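Visitor: Since the structure of chain A is already known, use the hints to place chain B on it.
Residues per chain, in single letters:
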Amino acid sequence: MFVLVVGGGKVGYYLAKELIENGHEVVLMEKDRARADQIADEIGSIVVAHDGCEGKYLGEAGCARADIVAAVTGDDEDNLVICQMAKHHFDVRRTIARVNNPKNEDLFRHLGVDEIISPTRMILGSIEQDIPVHELLHLAALGEGELEIIEAQLQDGSPAVGRPAGDLAMPEGCSLFAVIRDGVATPLRPDMTLRVGDKVIAIGPSECEALLHEQLIGDDPEAVGPRR
Amino acid sequence: MKIVIVGCGRVGAVLAESYDAAGHEVIVLDVSTRAFDRLPAEFRGSAVRGDGTDEDTLRRAGAAGADVFLALTEGDNRNVMATQVAIEKLEIGRVLAKINDPVRAAAYAELGIATICRTTMLADAVSGFLGLPPSGIPSMIAPRDGHHGTHEPLGSAAGAATSEEA
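So the sequence lines, in the order shown, correspond to chains A and B. Once you know that position 115 of the first sequence is 115 in the numbering used here, the rest is easy, because the numbers rise by one and skip nothing. Each position in the second sequence, counted from 1, maps to that position plus 228 in the numbering used here.
Here chain A stands alone, though its shape is the one from the complex:
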């Protein structure tokens, strides 16, 4: 298989190396001449020292006959353009892009990039598994931090579930003022019955956090666990 790798950073370098070891034909494009020379010294003259975003050089590197183009530079915009040029201008069958900003993933997919690899998302995924969901989220601190705005997502086992908001015993100086239900934020009325999944927004002195936690999350140790 002929693979065109664009971007000679660590990812591109090891990718090219592994592919060659597995018997594939590889061309690596790296626009920095010094870096390109260094890679060529180590893994052979498969390196094109030109910018893989430029149509002319993509063509010269053999993009039109590539089976796969892998865009692995450190810049999302470059990787997008490389894949789009390969796909739409050179009719490459399969394009792979490295994406750093997880928010760009669906845009890339929508714009025709076949495969998206997001290191940020992968690491994020691993970390999130270890973050308990039953915590209060600090949205903002007001003034010198005397008052805080806090979000709590109601789970099974929360003492607030099934009760009207006005019935909750709020700590001194704390109040609940909004709820986000099914993605829609509305002001919280005292007669509104709270449900599992509601995100309740509260304001109060920072020292009341433990009490808020007790009221909104509950103190059942069984309920606290890692997110899966």
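The set of hints was computed from the structure by calculation and includes no laboratory data. Check the hints yourself; a few may be wrong.
[Stated by the list, open to error] Estimated spans, in silico, between C-beta atoms of each pair:
#	chain 1	residue 1	chain 2	residue 2	range
1	B	G237	A	D67	32 to 42 Å
2	B	A353	A	R65	34 to 44 Å
3	A	D182	B	R277	26 to 36 Å
4	B	A249	A	A169	54 to 64 Å
5	B	R277	A	I180	28 to 38 Å
6	B	A269	A	K10	43 to 53 Å
7	A	E25	B	A249	52 to 62 Å
8	A	I117	B	S363	36 to 46 Å
9	B	V354	A	A185	50 to 60 Å
10	A	K56	B	R277	26 to 36 Å
11	B	A353	A	I20	38 to 48 Å
12	B	A249	A	E42	48 to 58 Å
13	A	D32	B	V239	24 to 34 Å
Computed from a prediction, not measured in an experiment: that's the story for all the values here. Ideal placement from N, C-alpha and C gives every residue a C-beta, glycine not left out.
Guide: Just chain B now, with coordinates in the frame of chain A:
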């Protein structure tokens, strides 16, 4: 009109100033606040520091609902990505990307983005000054039917824009 300009370089700043003076609502973004020094003191639009390829940044700057989106940074790819975010995420109908690589400029016009290419524009201006024939490559290309659908070219269309067929 509400006009978003990404990149407050010389061209971006000149356009921001003149559209603002003409009474349009102008939002100009740049990653460097120093770039805003190019704007005149009487500029009434908003100048926002931030990455114009980032959807969140654009929304925060108030770009949603704009009539026109111009990507004029020094990076071809940044311009390409910014305009595609504008089309796909913010659903802005009229977009223009400055793309200085003529191959990329033509390719993106086919994908539905109006492109302007300084390389061919300058080359043709120089040739014209010398009385030599132009390159024959259009420097401003109106978008063709593409993945994004059609978007009208800017600047009272026919006059300023040169379609590839023309």
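Visitor: Each hint needs a verdict: does it hold in this structure or not?
Guide: So, going through the hints one by one against the coordinates:
1. B:G237 / A:D67: 32 to 42 Å: With Cβ atoms ~39 Å apart, the hint holds.
2. B:A353 / A:R65: 34 to 44 Å: holds, 37 Å
3. A:D182 / B:R277: 26 to 36 Å: Given range 26 to 36 Å: holds, Cβ gap about 35 Å.
4. B:A249 / A:A169: 54 to 64 Å: holds, 60 Å
5. B:R277 / A:I180: 28 to 38 Å: About 29 Å separates the Cβ atoms of R277 (chain B) and I180 (chain A), which means 28 to 38 Å holds.
6. B:A269 / A:K10: 43 to 53 Å: holds, 47 Å
7. A:E25 / B:A249: 52 to 62 Å: About 57 Å separates the Cβ atoms of E25 (chain A) and A249 (chain B), which means 52 to 62 Å holds.
8. A:I117 / B:S363: 36 to 46 Å: holds, 39 Å
9. B:V354 / A:A185: 50 to 60 Å: holds, 57 Å
10. A:K56 / B:R277: 26 to 36 Å: At 34 Å between Cβs, range holds.
11. B:A353 / A:I20: 38 to 48 Å: With a Cβ separation near 47 Å, A353 (chain B) and I20 (chain A) satisfy 38 to 48 Å, so the hint holds.
12. B:A249 / A:E42: 48 to 58 Å: Given range 48 to 58 Å: holds, Cβ gap about 57 Å.
13. A:D32 / B:V239: 24 to 34 Å: With Cβ atoms ~28 Å apart, the hint holds.
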